[in-house]
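Chains as they are written, first to last, in full-length UniProt numbering: chain L, 1 to 296; chain C, 1 to 264.
Hints in this document: simulated from the structure, not taken from any laboratory.
Model, not experiment: these values are computed from the prediction.
One or more of the hints may lead you astray.
[As the list claims (entries may be wrong)] Here are some chain L residues the structure puts well away from chain C; computed CB gaps all over 12 Å:
#	residue
1	D21
2	R206
3	D230
[What the hints assert, rightly or not] Partial list, derived from the structure: chain L residues whose beta carbon lies under 7 Å from chain C:
#	residue
4	Y13
5	A68
6	V98
7	E266
Even glycine gets a Cβ: it sits at the ideal position worked out from N, Cα and C.
One-letter residues, chain by chain:
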Amino acid sequence: MTAVEVRGLGKAYGPVAAVTDLSFDVPPGRVTAFLGPNGAGKTTTMRMVLGLVAPDTGSATIGGVRYAGLRRPAATVGAVLDTSGFHPDHTARAHLQVYARMGGFPVRRTEEVMDLTGVTPFAGRLTRALSTGMRQRLHLATALLGDPRVLLLDEPANGLDPEGNAWLRGFLRELAAQGRAVLVSSHVLSEVEQLADRVVVIREGRLAVAGPVTDLYGDPGVLIRSPGADTLHALLPGLGEGVTVERTAEDALLVHGLPADRIAAEASAHGIPLHEITPVRPTLEQTFLDLTGGPA
Amino acid sequence: MTAFVLAEWRRLISARLWRWGVLAAICSGAFTALLALIGPENFDPPLPGLHTTEGTRVVLGLLGLLAFVPALLGTSAVAAEYRHRTITTTVLYAPRRWTPLVAKIVTFTAAGLAYGAITAAVAAAGLFTAAAAKGVTLGLPAGEVLGLLARIAVTMGVYTLLGVGFGALLRNQVAALVVLGSYFYVVETALMLVPGVNTLYPYLPGGATAALTGFTYLADAVAAQTGGAAGALLPAPLGGAVLVGYAALAALAAVAVSLRRDIT
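Bound conformation, chain C alone:
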């Protein structure tokens, strides 16, 4: 297995995608800095400023929404095997088809965590610098800000894993993006409006993500609109585990399907 992981790592760093990944991670972090500089109080509609707990959480939570970017990169990397038809050679080298997929999962989860770490580092630097520049004290203690950023970094690692799982299952980058994107931005929101379904929310991908990032703006907004109480979210580690579970299901399905699929 070590050989397969080394091979996937070599494959990753030999192509340009990883450079785009680093750039995207830095830009995501910088996005937080930009939001902090603008200040939530100047958003439309205005939100509580950085000096409040909510204001700081909103800025960090918006960063959490960018977790789909590393998911997309993970999907891209896996789908590339099919697009460029290197999958034939890969399967010839690894006839037990689950082995290269597991190697990809290990490799890209590490890469996704690295992505999250870069994003979090840039965001932390940007947030503290912006607050200092504006002469504002953040509404959360530095320790808590760093804790939330660490959770976002982990979320990005887990989302990369999700991207890899769905990429391997759907084998088409655009299809995987559409499925993941429409789920998170449309389907789950719609599901929340169905009476009864919202009690499942903590276990749905969005709810699990909210638990992991600690950003509950969406859940709260839906609860407010529907007049219901915001469902209690899972503890962060459990939310993470639920997400890993979804990724594992996608990966298992991908392996099960690929075992039977002829490669032509």
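Same shape as in the complex, but just chain L:
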């Protein structure tokens, strides 16, 4: 199974560090979201993985091999980069035919990828006349020509309408379900929230968090409202290791590290009435903003 391994990757442009000591994996069979605000170093990282930009430190390998050392790169990795373009005089089909030849793929493969990505309806149109959404589909078709096991997509949802976005989500999940390693970068969390199994979040070129999406939700807490808030505030931390109690209002506490039933039983045992007891989960959006240093 082919996976992408990024180890200690670093790149500076003059005094500006774009990426610093970045390590993460893109495992096969999963969609990994690569998240971070604009300018966090996502594109630079992907370009280093693809051998377009030479890293100052560290390495990035695909199935254990650097991109430049791949025997058949286009049949191993498919990439969509936001800065790549098309010759304006080429039709969508001609563009794919050029690269099918370059990759040594059969020319009928161009028709297959056009069907897969929905390019067929505008196959004969000049690329200069394509909408942003059509261009994204054509980029995706180009990336898929070699039926690669790894897909690296930089902001592939840019310019897609909601319908196109829903299609893209389903399509990428299907590609991952076929055992491919899929990395999708985005600066918009909601774009990948329903798509990704795993997330890699970077902030100012450094890893903020990497792991399953569920990790991003953070610890669930329990919100309680009680006239005996003071007593509970003193009582609850003694009930276990790592229990934290935070006062959010005069009569309200946010408890971490204790399940709701334990809290209810404890309050009941001390005869403290509870007016509200609610398990709470921070929203993914809030966690993302906390991690990436955006507005709270």
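Go by the hints and put chain C onto chain L.
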């Protein structure tokens, strides 16, 4: 490598540029026919007529000056990869960055030779037709005219190669055109006036071109003006080889630079 050449060929014929190339080749050939119809004796200043060796050579030599057109087309085609940012996809498909450049060189040299062949064919037809129409016998035997035209055709192929080499190096069509154009029309002429440098002339691009096309009007004129003897030119094949060498240097430099250059 075959796959890369096929891809470059497909890239070339899928865009409109090649049609402009064919048109430019036909027009270049027709230009010769027009010059022949006007007749060098009616040029300003008048030159020997078509019935003289010099007259026929002048008309063919002026065609040789149009070799910069396919060079420009070659430059355009290579620079287009950067202008339209298809270079990213190309490098992803070919991380060993010299391979697509070599494929381009092969493809465009073939295209340049085809360009030269079309130009030479149209020019030959035009020249013989014009001579017949004017009732003049050309100052050179037909075999020699065709030989000179073949040399011009080869020159155009080599110049396309030069254009590709410089286009890949400079990556900007206008910059490459300015560099090549100013070199041939200004710098080299100026260099010839520097004492001593003119002995190198046979090895400079202009001298090598003159050797290849067999057109020495410029060299002779400079020699006459400076009072020096026109330097002996290299044999045509050697002149061609010198030009190919310059193109190869440009291509090597382009590869060396692009290997280190980040693509962003």
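| query | Any hints this thing doesn't respect? Which numbers, in order? | reply | Violated hints (numbers, rising): 4 and 7; every other hint is consistent with the structure.
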